[in-house]
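Novice: Here's the letter readout for the chains.
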Amino acid sequence: SQQGEEDPQALSIQEGENATMNCSYKTSINNLQWYRQNSGRGLVHLILIRSNEREKHSGRLRVTLDTSKKSSSLLITASRAADTASYFCATEAAGNKLTFGGGTRVLVKP
Amino acid sequence: DTGVSQNPRHKITKRGQNVTFRCDPISEHNRLYWYRQTLGQGPEFLTYFQNEAQLEKSRLLSDRFSAERPKGSFSTLEIQRTEQGDSAMYLCASSLASGVWELFFGEGSRLTVL
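Here the protein sequences line up with chains A and B, keeping their order.
Each residue of the first sequence is one higher than the one before, starting from 1 at the first, in our numbering.
Each residue of the second sequence is one higher than the one before, starting from 1001 at the first, in our numbering.
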């Protein structure tokens, strides 16, 4: 079963716009991570936020975490056509493994 | 570049045949994970190793599936008596065991069972 659920399932935006996607999860976590996957490829780690952090930035990425609501958001600012991909949140609870959500498919139109 | 390497990248087989996938992790990583991903879904955890010890197996891993990491380096995932429902992308990832960790994924092995 998948711990996280992303919303929306799909997102279509114009180049230059911001893309926001959300992730909800069910159990307490140690950290939450976001990954990106281009079609037919492996996943690439984007950013990690610990359970005691509320916001984190990396380049054009901003991640927030609200442990009281068991939710996280990923914001990609000034999107580019190359940002077209699927984005997955993944949570680490106990057990040294990541549990992934179903993903948000992002299409950035030039 | 010594990233995570998976072979073969694609495998087409007939129902009932056995298949084996190999994963070579990043050399200094002592944890190795197998995930399965079907079209339009997120990766689902199958199993993981720390060094040569298999520490956890998902209930998804039926008795037709077996994974090994005999010397704590590369790993193999074997599926016996394949079924059409086994068609998926099999992803391998590795990580360090210490500190706050992230997964480094290979490009995956796509299995098609006819």
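If you are wondering where the hints come from, they were derived from the structure by calculation, not from laboratory data.
Treat the hints loosely; a few may be bogus.
[Unchecked claim] No farther apart than 25 Å at their CA atoms in a straight line, the calculated lysine to any residue pairs in the SDA-like style are these: (1) B:Lys1011 - A:Lys109; (2) A:Lys56 - B:Ala1088; (3) B:Lys1011 - B:Thr1112; (4) B:Lys1011 - A:Lys70; (5) A:Lys26 - B:Gly1040; (6) A:Lys109 - A:Thr67; (7) A:Lys70 - B:Asn1030; (8) A:Lys109 - B:Val1113; (9) A:Lys56 - B:Val1100; (10) B:Lys1011 - B:Glu1078; (11) B:Lys1011 - A:Gly40; (12) B:Lys1011 - A:Glu53; (13) A:Lys26 - B:Glu1078; (14) B:Lys1014 - B:Ala1097; (15) A:Lys70 - B:Arg1110; (16) B:Lys1011 - B:Ala1088; (17) A:Lys26 - A:Thr67; (18) B:Lys1057 - A:Leu11; (19) B:Lys1011 - A:Lys69; (20) A:Lys26 - B:Gln1041; (21) A:Lys56 - B:Phe1104; (22) A:Lys69 - A:Leu11; (23) A:Lys69 - B:Thr1112; (24) A:Lys70 - A:Lys109.
From a predicted model like this one, the values you see are computed outputs, not experimental measurements.
Novice: Determine for every hint whether it applies to the structure shown.
Specialist: Cross-check of the supplied hints:
| no. | hint | result |
| --- | --- | --- |
| 1 | B:Lys1011 - A:Lys109 | violated (33 Å) |
| 2 | A:Lys56 - B:Ala1088 | violated (34 Å) |
| 3 | B:Lys1011 - B:Thr1112 | holds (6 Å) |
| 4 | B:Lys1011 - A:Lys70 | violated (39 Å) |
| 5 | A:Lys26 - B:Gly1040 | holds (21 Å) |
| 6 | A:Lys109 - A:Thr67 | violated (33 Å) |
| 7 | A:Lys70 - B:Asn1030 | violated (30 Å) |
| 8 | A:Lys109 - B:Val1113 | violated (35 Å) |
| 9 | A:Lys56 - B:Val1100 | holds (15 Å) |
| 10 | B:Lys1011 - B:Glu1078 | holds (12 Å) |
| 11 | B:Lys1011 - A:Gly40 | holds (14 Å) |
| 12 | B:Lys1011 - A:Glu53 | violated (43 Å) |
| 13 | A:Lys26 - B:Glu1078 | violated (32 Å) |
| 14 | B:Lys1014 - B:Ala1097 | violated (38 Å) |
| 15 | A:Lys70 - B:Arg1110 | violated (33 Å) |
| 16 | B:Lys1011 - B:Ala1088 | holds (10 Å) |
| 17 | A:Lys26 - A:Thr67 | holds (10 Å) |
| 18 | B:Lys1057 - A:Leu11 | violated (34 Å) |
| 19 | B:Lys1011 - A:Lys69 | violated (42 Å) |
| 20 | A:Lys26 - B:Gln1041 | holds (18 Å) |
| 21 | A:Lys56 - B:Phe1104 | holds (21 Å) |
| 22 | A:Lys69 - A:Leu11 | holds (23 Å) |
| 23 | A:Lys69 - B:Thr1112 | violated (40 Å) |
| 24 | A:Lys70 - A:Lys109 | violated (31 Å) |
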